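Participant: Please dock the two separately framed chains into a single complex, following the hints provided.
Here are the chains, one letter per residue:
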Amino acid sequence: MNINPHLLLLFGNAFLTTVLSVAIVAWILVREYRPTIKRLTRENEASRESEQPAQGADALPHRE
Amino acid sequence: MTLWIFGLVLTAYVVVAASLARFIKNKDDFYVMGQQGSTLLIVGTLAATFLSAVTLMGIAGISYSEGPLVIGALGSFGAWVGTLIAVVFIGRKLKAMGCRTMMDFFDNRFDSKWVSVVALILMVIGLLGYGIIQLIGAGLVLAEIIDIPFPVIIVAFTLALLVFCSLSGMYGVVYTDTMMFFTMLAIAFVIAPMLIDDAGFEAMRGLSEKLPGFWTLGGANDRPLGWSISQFLVWILFFACTPALVSRVFPAKNDFVILKVAVIGVFFAPAMQLLVFLAAGAMQVLEPGIEPADRAMVVGFMEHTNPALAGVGLAGLMASIMSTASTLFVLTGFALARDLYEKLFDRQVSERRGVMLGRISQALVAIIVCVVAISRPAGIYWISIYAGAIFAVAWLPTIVAALQWRRMSARAALACMLVGSISFIVIGELQRHDWLTLPAHIDNLMIAIVLGTLALIVVGLTCSPSEHEVASFEALRAQRLSDSTMRDFLAREGGARQLVREYRRVWGIMLLFVLIALALWGYLFVKLGL
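So the protein sequences, as listed, match chains A and B. Everything in the first sequence is counted per this note's numbering, starting at 1 for the first residue and increasing by one. Everything in the second sequence is counted per this note's numbering, starting at 1 for the first residue and increasing by one.
Extracted from the complex, chain B is given alone in its bound form (with noise of 0.2 Å):
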């Protein structure tokens, strides 16, 4: 049955990116859709790269044996307010500017070589380095529960992959995304609140006495308060500039679709990860003693409920796994493709040859992923314990400055990526060898992304910005997304009554979102908070 499911969904999800090959005529189809992202679309593929199988099982597995708040209350808060600031700060600016990748800002404010190549590298390892290690550890909890051999998903993945992101560019990612996201919505919004309901609310709330501190922020294991502060500031800095969030917002129609996205994407990045939370904290009243406690959710899903739900439940987890992966490695080939051959060696491709350029790095970006997911060297496994924050401690200083201070300077941007990069991975080794012991609730990334400010601030005081930098700051600050969009609009015939009427529709879904969380987080605390 299992077997069957994960093949059925494998397929759909790889005909549907197939079937939408036709649409990619040009660099602009391959690269962003044509920027013709409608709300749900964007809304879709954000949440669902999200949502990443390190919510549905490590991050689950912490709620079931410690308690939901663990995570939940202080480092998941840093992931969503994350999420706000790079859609509607860092993506909504970078779109206005019309970049169809990250690395079009570092060349369009900066203009130099150096700082691009240090960005496409630190971008390669952070994007493969996080990417790589999810598929591994997901693929191996997947190859057991489906029972086929780990080599076999890793295979089926990457060909699936291959479709998504080779075939389709981002019109298969963002599709298969929003795909993805309806089986995430179900695992939230019917397994979880069924989870819950069996295990029920006063059963849950009993928790806290056979496990003292359950429902605390401390948890069962009585975390000190500075390790909870100190999640919420990574999860922060993490999603604020991470490339795979805020290339999101890229391929949308216009900003009235980033605002919107803005309100509901955001809603449901608490309200799917919460409520899955909430459940593992359920499975504990269920079936106590899941042993790893990873697979809280999994068991939950394969004897908790029907057959068919099951099945949903175990698409979610393969959606989790490969709606992050597609969004990576996506992101990878387009950096080596268009940052990389195109702009950095000065190559002018006609359309039809540059879209040929990006499938070619796509499938070679797959066949590197394949090789190194199966064969699993001890390299990956040290890589990725620095993959996923690079982009916090060397790239947000930078964009930040880049976005507000006249005085920044492509010195004082490699100042900083090369300090925070390089503090954040020699104090981190220093400390994995025992050499070097922080305070207690400082670690590596507080101090690298202080460093590496610090060298940004000196040498952007010390070294004036060049012309360029000057234009190209004066520039960025003169372009608003909202400008372009009213054009646009006022261009149309009838456009002025579309425009009133999209401004009136977000201040419909503003109002609507406000009223739904209310009500979803009210009822919640009511029953298990009072």
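Okay, chain A solo, but in the shape it has when bound (with noise of 0.2 Å):
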């Protein structure tokens, strides 16, 4: 097998652009996202643990 290392560059570059993208945004929700949904989604199942009619703005999906 003959690998163009010239258009590994190309192709992988371009991946590349959109793992970066994706590791920068990832990054972004884990970090400044994810405790507050921690904390809403553990509410959330507290509140239906204790059998407690969700209220109104802070009802949350189930979990699938």
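Do not take every clue at face value.
Computed footprint of chain B on chain A; a stretch qualifies when at least three of its residues, placed anywhere within it, have a C-beta under 8 Å from a C-beta of chain B [said to hold, decoys possible]:
#1 4 to 11
#2 22 to 31
#3 35 to 44
Hints were generated in silico from the structure; no laboratory data involved. For clarity, every value in this text was computed on a predicted model and none was experimentally measured. Note that CB positions come from ideal geometry on N, CA and C, so glycine has one too.
Facilitator: What follows is the structure, encoded as structure tokens:
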């Protein structure tokens, strides 16, 4: 198999661009959003466990 | 036929833009479309602004004559990563600070009229110089193809831009950009694959026998690696802070839109460009000897597709000219109305008067653009040499330091902008007149950015920042777009549910686009590189 390293660089860079953007967005989501999302999910689960009716704005979807 | 398509497409853009004028109720609507931009609209305006006539003609021409890797492998990679930086680092941070225009950042961060004046002058020269020269270049080619006089093309474009920018402000620009984005997608995902299929992957691979080096980084002309690396640096520095891209996120509805745009919009940058470059390479198989080479894609549209697709191709070429031009010119108009008149002259204007002022300044810009483009004075060609890259040398170090360095001050910003831009022009002129020879692969942009950064550091270390500058730095460090987005979601009824859904949706989009990118680039590599 004869690999053209120049074309590997071309398409590798194109793929790397998406990987970079995904990695940065993932880092933002984990660092800035995840704590709140986890708290909201925990609160939702706790409220379901105590069989209280979901309260308007804080009602969360069931985890699938 | 082509004339009909030209008229029809232009009319469609104008009608849509004109119908959006009813949404303009206040200055926020005019400048940032009331911050109601959806993911589709922001991806559309970002991708359409990114893809200019330079891709469809200039770089496509180089891909045709020397090979698709010459600019595509490193120079374009710089542009893609620069776009990512512009969206996710600079644009997102500036939006978190509540900026409506790029100039808001300089005003809020430094509160210095001198910094604002210098930044404003550089921005107006940069945007107009880059925009007008693109309009002239592509307008001349389009005039020849559809066989109508160049001044008529420019007047038609100006009238259309007048409607986009003056009547509908950012609404007009973003919606028409999104329409144009779809014609560009048709070029990249319908016409380009057709041309590649016509040529055949085997025949395309065989081009390296006829034109040695066609499938290498250096291309058929065997350009040195240093040249490719300098292209990478030039494009990444230019794209990272050009107002045309950074300001695309200001109309976004919330942070999730920006995060999705960072993934989807940045995926489309290489997807649209590389498919066009490969199609230009395919044209070397289908029709060698096209002169000048920058017509390769136009010949492809006109002679190797059916009339309907040829029309779509021409519409895409028009779109690449108009989308970039409309963004550049709308920002110039905003700079004149909001940043120069309202803020620098301290004029308090009502919402209604502010919108009127914005419209008048857009009309003024349209007239200037029309007159300069038709008369084509020698000076505009001189300005265009330096216009595009002025943001890289003067603005990029200033903005990065202002976002990251506590000691950053108005004096350091001034020193950086003046030393960067002046050294860039002076060294460029010395080179142009053969009074100075730089080492191989070193250009005036690299020297100017180093000098500007050095000036910034020296002045920053020797002068203490003012109380306002320290306070503004602390404030900007504390401001996160994610916080305001979560606050907005949780304030709504059922907001928590929507917040979790949006959060999961972004993860889903990330996974989807990694898979799409892997499939697309993997397929092309297997077909051409193995």
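Participant: Starting from the hint list further up, note which numbers the structure goes against and sort them upward.
Facilitator: none
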